[in-house]
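Colleague: Residue numbers (the working numbering), protein chains in the order written: chain H, 54 to 348; chain X, 11 to 404; chain P, 19 to 348.
Hints may be right or wrong, so weigh each one.
[Stated by the list, open to error] Some, not all, of what chain X presents toward chain P, calculated at C-beta under 8 Å: (1) Pro88; (2) Glu96; (3) Asn114.
No lab work stands behind these hints, which were simulated from the structure alone.
This structure is a prediction, so every number in the text was calculated from the model and none was measured.
Note that the Cβ used here is the ideal one computed from N, Cα and C, for glycine as well.
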Amino acid sequence: MATLLFLEQTLNGLQLGVTLFLMAAGLTLVFGIMNMVNLAHGSLYMVGAFLTATFSQWTGSFALAVPLAVAGTFVVGLAVETVALRTLYARDHLDQVLATFGLILFFNELVKIVWGPVAIFIDVPAFLSGRVELIPGAPYPVYRLVVLAVGLAVALGLWWLIAKTRIGMLIRAGASNREMIGALGVDIKRLYTLVFALGAALAALAGAMAGPIYVVEIGMGDSMLIKTFVVIVIGGIGSIRGAFVAAIIVGVVDTFGRIVPAQLGLPTAIAEMAIYILMAAVLFWKPAGLFAARA
Amino acid sequence: MLRRTLLAALAVAVPALAVQPAAAQQGVKIGLITTQSGPNAGLGRDMVDGFNLAIRHAGGRLGGAPTELIVGDDQFRPDAGKAMAERMVQRDRVDIVTGVIFSNIMLALSDTVLKDRRGVFLVSGNAGPSELAGKDCHPNFFAASWQNDNTHEAMGQHMTNAGIKRAYIMAPNYPAGRDALAGFKRFFKGEIAGEVYTQLGQTDYAAELAALRAARPDATYIFYPGGMGVAYIRQYSQLGLMPQVPLFAPSFTADQTILPGVGDAALGMFASTYWSESLGNPANQKFVADFEAAYNRIPSPYAAQSYDAAMLIDSALKATGGSIANKDAFRNALRAANFQSTRGPFKFNTNHFPIQNYYLTQIGKDEKGRLVNQMRGIIFSGHADAYASQCKMR
Amino acid sequence: MKLDRRTWFVILLLMALAALPLVATLAGQEFQIAQFRRILIFAIAAVSLDLILGYGGMVCFGHAAFFGVGAYVVAILNWHAGREVPLIGTWMGTNNVLVTWTAAVLVSGGAAFLIGLVSLRTTGIYFIMITLAFAQMIYFFFVSLRAYGGDDGLRFDGDTVAFGLIDTQDDAAFYYLVLAVLCGVLYAGRRMVNSRFGMVVQACRENERRMKALGFPTARYKLAAFAIAGATAGLAGALFAAHESYISPSIMHWTRSGDLIVMVVLGGMGTLFGPVVGALAFLFLEKTLPDYTEHWMVVFGPILLLLVLFARRGIFGWFLPKEERDGGSH
Chain H
54 MATLLFLEQT LNGLQLGVTL FLMAAGLTLV FGIMNMVNLA HGSLYMVGAF
104 LTATFSQWTG SFALAVPLAV AGTFVVGLAV ETVALRTLYA RDHLDQVLAT
154 FGLILFFNEL VKIVWGPVAI FIDVPAFLSG RVELIPGAPY PVYRLVVLAV
204 GLAVALGLWW LIAKTRIGML IRAGASNREM IGALGVDIKR LYTLVFALGA
254 ALAALAGAMA GPIYVVEIGM GDSMLIKTFV VIVIGGIGSI RGAFVAAIIV
304 GVVDTFGRIV PAQLGLPTAI AEMAIYILMA AVLFWKPAGL FAARA
Chain X
11 MLRRTLLAAL AVAVPALAVQ PAAAQQGVKI GLITTQSGPN AGLGRDMVDG
61 FNLAIRHAGG RLGGAPTELI VGDDQFRPDA GKAMAERMVQ RDRVDIVTGV
111 IFSNIMLALS DTVLKDRRGV FLVSGNAGPS ELAGKDCHPN FFAASWQNDN
161 THEAMGQHMT NAGIKRAYIM APNYPAGRDA LAGFKRFFKG EIAGEVYTQL
211 GQTDYAAELA ALRAARPDAT YIFYPGGMGV AYIRQYSQLG LMPQVPLFAP
261 SFTADQTILP GVGDAALGMF ASTYWSESLG NPANQKFVAD FEAAYNRIPS
311 PYAAQSYDAA MLIDSALKAT GGSIANKDAF RNALRAANFQ STRGPFKFNT
361 NHFPIQNYYL TQIGKDEKGR LVNQMRGIIF SGHADAYASQ CKMR
Chain P
19 MKLDRRTWFV ILLLMALAAL PLVATLAGQE FQIAQFRRIL IFAIAAVSLD
69 LILGYGGMVC FGHAAFFGVG AYVVAILNWH AGREVPLIGT WMGTNNVLVT
119 WTAAVLVSGG AAFLIGLVSL RTTGIYFIMI TLAFAQMIYF FFVSLRAYGG
169 DDGLRFDGDT VAFGLIDTQD DAAFYYLVLA VLCGVLYAGR RMVNSRFGMV
219 VQACRENERR MKALGFPTAR YKLAAFAIAG ATAGLAGALF AAHESYISPS
269 IMHWTRSGDL IVMVVLGGMG TLFGPVVGAL AFLFLEKTLP DYTEHWMVVF
319 GPILLLLVLF ARRGIFGWFL PKEERDGGSH
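Just chain H, same shape as in the assembly (with noise of 0.2 Å):
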């Protein structure tokens, strides 16, 4: 029994990891590339998950909801960094916290004046919503499973991307060496641009698949974020290895450190701590995360 628990937990750290890389993986390379702190990532989760249920209910298909709310983050996305996030890259971090700290401020309201201060719902679609018995005695959701199987798939589109592309060449080169592209004549702006939005969508991505499992409310994003920020912290900024790594680290520390504290008697204090614990300790050992990109 013992051991068939267990195997779920694993499962469930898994599916929590991937999540979390779907928003690591676009703002470590808006981190490693542009420099750039974006604190309203979390916002961008946020607004993919309320346009999900929107696209849900005007075409009854979540399926179809999905890639459209993709889009639709990405525009906005194209939108945020064109009018006001551009500028901010040559600034220090400092301008960039408070600068998308605003941004945060905004989105939150914005969405509440669009879908109304309480949570709203998207539903599971039919197909997905039914139990496989992978581990016997415990069938577990297939939605959960597709969403693993989802954020598998866009890590390895994403190595492709970057390993095996032109742009993820330009990529890699701006987040080791920002100055040699440019000096290179590559169009600079647009490739910033790009890979921000790219971020963007892949946290709608993230926010569309949370969005029937969780909750789709005000302020969603927020939490997510931090989380997210350990996670690209402990796996090296820019590196979108590290944040595969980190967020299947952070997914199943963080799943086993809700229940194996409790089961052994300890405060449950701890499983509140244990992520940023992990953070400190990881940070102290290698100040740069597990793998720098940055030589």
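Given the coordinates of chain H, work out where chains X and P should sit on it, guided by the hints.
Modeller: Relative to the frame of chain H, chains X and P by itself:
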């Protein structure tokens, strides 16, 4: 240059001092402090709408007195709530403060209101912390809602009556969560299969639910208000637990601020409550119908409590001829609670907290296919809270 | 002595603040005294953040935690004294301001020292995030600290007399005490940034490697500055606890740390006095905008953005002499 600097310095320091118009001469002035920003803004909206509906029912004049309502946002921050109370009590010179949803905000601002020399009344539309029910009770404090523990006690009693042997209980790790489960255990006589506290604001419960299933309880009791409740109930249902292990909760986890976000996953779950949208008394039927007509949604308990708070004030003003000048007379009139509550029988205990019924409801669908709390019977009639004996009301 | 615009501005604003209780009383607006007292307390916290943010270049995203720790120290000591519950051994806590405020400063300074010890190994974005992470740990610690009210917060009867002569129940007297503390912090801060110690810290901001090469133990200097800023925030927290007679973890929420950063930058960072102006402007907007629309955040957010984009020197920056305005401490 000097002049410009001087002006700028004044512009920074003084604008808030701009003299406000003198307070209204007659009538009653009510300050409603509630949460209008952040994830809990939906609760604040219902508090305001419920109160306004009551004023409309009273023809714009509570107890026949010209009524002025000032609404303020506490931003879900105790210190901002206190600052708002200072502003309403000392600048706007309100006679009554009401609205407050959260216990921490109530505790932060109660002294500001109750210690004011003018004798301002504090009529809670929601928060009912044990301190104010017990040793810190106050002649000018009235809870038109409930004491925090009551709905949990009711469900403990019901689950005992229903013969449930092993219950698994869960709540967020904060005082209201701990008090909730303590209140539940006070009346539940079966075995506790597991008692789990999760992080406040957490919305992923996969790990805890796997552990819950492994413990094989007969039933689950949870207290998860707001977005936490939405996420929990959905995940509980997605795991297929709902039919095997019935889910029980207080109304805060099953009301109209939660159900629209949960969807059909909530069908079949049980709630304990002092009020429900399907409660059949005439006052409530009128309230629910008019609220729906005015705001195009089913009211939540927050709206009903706020409506009741206004009706309570209305009844007291009627008794005093529309005047609040004589504080003792007004206080006695409030104590009499001579109004038709949407909750049915309602009277005040010695600590100014209600003695009222607690009901069992189950989530089902109304004729329009919307999720509602359907009545399943009475758990407690005329239930009082456990702290009244500690209250030495002067 | 010829006074520049900035000095005029400081003098006039301080005089306006000093005259405030009198003006408010004459205008029949006594409640403003307490409202402004709250603003001045946040101003002290903002000034303390400016010490490391503006002068040290350390973007601490967890400063509200030190503020909260200081407030909790005072609250807990007072609570024990009020309830006569032993705190340590048979000691019942105390409501002696001299003891409680000193303890608040020492404990929050100690917390900042320990957190700085780990955090200052990192720089840049890592530093922002690790200070945020520590602040979150402290926040959740107090949320689950049931003995002292947890998320519901802790109510206590504060001390009534500070230093044997100032009645903290008297709005104006307590206001002047807070104003005096603010002036003291400003003065001490001015002395500190102009001292050799302050110069080294500022030089670390510009080029830490060079300072290291010159043989300065830069880590120790930065850590000392961090601990001093934390202790000062703790003092502001102590005043806040006395002001509210109530404290809850919400004061340590991460958005509160964001608010403090906003105050510093809004007023003008690296100026010490700027954060005072920033606190006044921020809390004034926060109080006034909601009067016009329930959705004031939708205006307030973009204001922050525009501020960063177009007015980086902050309000106080407008009043700096020209040569300082252009060079600037970025």
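Colleague: So, for every hint listed, does it hold in this structure?
Modeller: We went through each hint and held it up to the structure:
no., hint, in the structure
1, Pro88, "5 Å, holds"
2, Glu96, "5 Å, holds"
3, Asn114, "5 Å, holds"
Every hint from the earlier list agrees with this structure, and none is contradicted.
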